[in-house]
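Participant: Residue strings, one per chain:
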Amino acid sequence: MSASVQAPASPPPAGPWRSAVRALLGDRTALAAAVLLAVIVLACLAAPLYASRIAHTDPFNADVAATVMLHGQEVAVMQPNNNRLHLGLTPLGPTWNPGAYLLGADSQGRDVMARLLYGGRNSLLISASSAVLCIVLAAIVGIVAGFFGGLVDAALSRLLDIMWAIPVYLFAISLSIVTISQGLRLGPVTLESDNLLLPIGIIALVYVPYAARPVRGRVLALRNSEFVLAARGLGVPPARILWRDILPNVSGTLIVLAPLLMALDMLTESALSFLSIGVQAPAASWGTIIQDGEGLIYTRPWVALAPGIAIVLTVLALNLLGDGLRDALDRQGSGPAGA
Amino acid sequence: MTPALLRRFGQTLLVLFGISVLVFLIFFATPGADPTARIAGRNASPQTLAFVRHEYGFDRPLPVQYLRMMQRLFITRDLTSFVGHGEKVVPEVMRAAPVTLSLVGGAALIWVVASVVMGTLAAATRGSLLDRGLMVLGLIGISMPVFWLGSVVNLLTQSRLHASWLFSWVPGLGYVPLSEDPLGWFRALVLPWCTLAVLFIGIYGRVLRADLVAAYREDFIRTARAKGLSPARVMVRHALRTSMISFVSLFGLDFAQLVGGGALLTEVVFGLQGVGRLTYQALANLDLPLIMATVMYSAVFVVLANAVVDLVYVVLDPRVRDSR
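Protein sequences, first through last, are from chains P and E.
Under this note's numbering, the first sequence has 66 at position 66, and the numbering climbs by one with no breaks.
Start counting at 1 in the second sequence, then tack on 339, and there's your number in this note's numbering.
It should be emphasised that the hints constitute simulated quantities derived from the structure, not laboratory data.
A virtual CB, placed ideally from N, CA and C, is assigned to each residue, including glycine.
Treat the hints with caution; some may be incorrect.
[Claimed, not checked] Using C-beta positions, here's what the derived DEER-type ranges look like:
1) P:Ala239 with E:Gly610: 51 to 59 Å
2) P:Leu247 with E:Arg556: 29 to 37 Å
3) E:Arg407 with P:Ile140: 33 to 41 Å
4) P:Leu151 with E:Val529: 47 to 55 Å
5) E:Pro342 with P:Leu151: 18 to 26 Å
6) E:Ala368 with P:Ile140: 17 to 25 Å
One chain only, chain P, in its complex shape (with noise of 0.2 Å):
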């Protein structure tokens, strides 16, 4: 996937840092994905301003009587079927018009193209803060693992094992499900089922294992390494050695994982989504918007679609970054060991 990086003559000694960033730079293929998924990002963020500036329309409020000047010709958003009785509503098809419901309309009448940018804000802000989370939570127990071992490693190895072997999306199929229809109280405080705080929790939650396994590697094979063996030789205390020799040595590793945990969070997202599950009406998400469009799809083909095509996108320019990035990285030999 590298495009392989010719070193000017004679290059200055650069730090680890600095010479992945370059090979990173030097990679068209991440810095196309890094444009795309930069593009698709500030798209997100404009939504309220295509709503107001350009739609003009709310995407949370069904308006099934609304009516929409098309050429010139006032048209009705929810048209009569076409069959003997005129049974039943169709929302209107993409006009292609920015103006005015350029992806159609979904079957509440609301704006397919506005709700595709609004929903983009949750399915991006749920997969990116899942993802952070979920390594954060992977390095604390990839490195108390991997650096204490023993009894400590052994325990939280088997239950990384225990959470591993039930499905990913059956597990987080059923803590949503268990938290949805009544919230969660933890103590004081009361997550109602609305809250993003759920999905991003449970995402983040799942993927632990996935995370924590290789971060434990590495901290494994840095424990026995020379300069943490003349550290603790030297008497420098443990939470010392973790923060100056560990950390530093396996964020590599983190931040090879960050893209690629963002893809598989956005992907689990939209399953829970889609199951009517993760993000809760009348927010969207691009989960929600294919549900929506899974009645319409042989009349409106268009709202299940492009919410598909928008994610198609995002994850595959998130991989593509991960690859990227590990490349660039492994040139120090810090990527994730396996896959």
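Guided by the hints, dock chain E onto chain P, whose structure is given.
Facilitator: Then chain E, alone, in the frame of chain P:
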């Protein structure tokens, strides 16, 4: 060899026990998720709540509840749904299992063949346009939500292109038992197979290519080439053989996950009444015993598959025996 096997067996039992505790705790001890309230309905009177709590045994200590649950799930196998007519849960899961096995078995066959071809081709032509193209295709496969891909397949084959010669043979959504109509079974499942396989073709093809490229740096490959073997023979008989190790262990885990309900989204989109769809319906009804049974059932599959994979290693490779 025996002590290693015994220790592995002990670990497997421990993990199985841990899973059952974890799953039980998720469903019956999550703070704020009171199963009594769920069974009794939203506006139940305090008397009804107390009755339900006692009737279902939720007033007992958690360890007692756990033991009773496991007894009814595995020993007497008379665990009943909390909703509907109170059907027995275990036979219901058993009835759905053949559908899931048909789906996952066919998909596995497709993804193994396709990913071996893809990984080998890419590794043999590494650095070429074909290699890059295949790897990007694989990455696109990994990046697609399976339920969305299924919807797109349905859109094309059931509606937009159904009238054309290409997809006119596609039957409506649903499952046809193999024993009743083998051809109908095949026609009903071939599109779900391909849809489910896409993700795994991407993952396995990429993993295999990476392993093959790494194998080509090994001494024994150099030796094989120095002996004057043909490139094809080096690839298939020497490189591919050693590279299949991580492939096989991945396969054991993924196959078990899918048989255990991981194919839920594919089953839902294609209307196949398998274990995953059963879980999905249980979700809609908040039917905790049924969800718990299916989650337990799948975790047991995964653990057993892992044990089998390890066992195969121990038998095949003496180095694994000592390193674990």
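Participant: Could you run down the list of hints and mark each one as holding or not?
Facilitator: Results for each hint:
no. : hint                               : in the structure
1   : P:Ala239 with E:Gly610: 51 to 59 Å : 56 Å, holds
2   : P:Leu247 with E:Arg556: 29 to 37 Å : 31 Å, holds
3   : E:Arg407 with P:Ile140: 33 to 41 Å : 36 Å, holds
4   : P:Leu151 with E:Val529: 47 to 55 Å : 51 Å, holds
5   : E:Pro342 with P:Leu151: 18 to 26 Å : 20 Å, holds
6   : E:Ala368 with P:Ile140: 17 to 25 Å : 24 Å, holds
When held up to the earlier numbered hints, the structure conflicts with none and fits them all.
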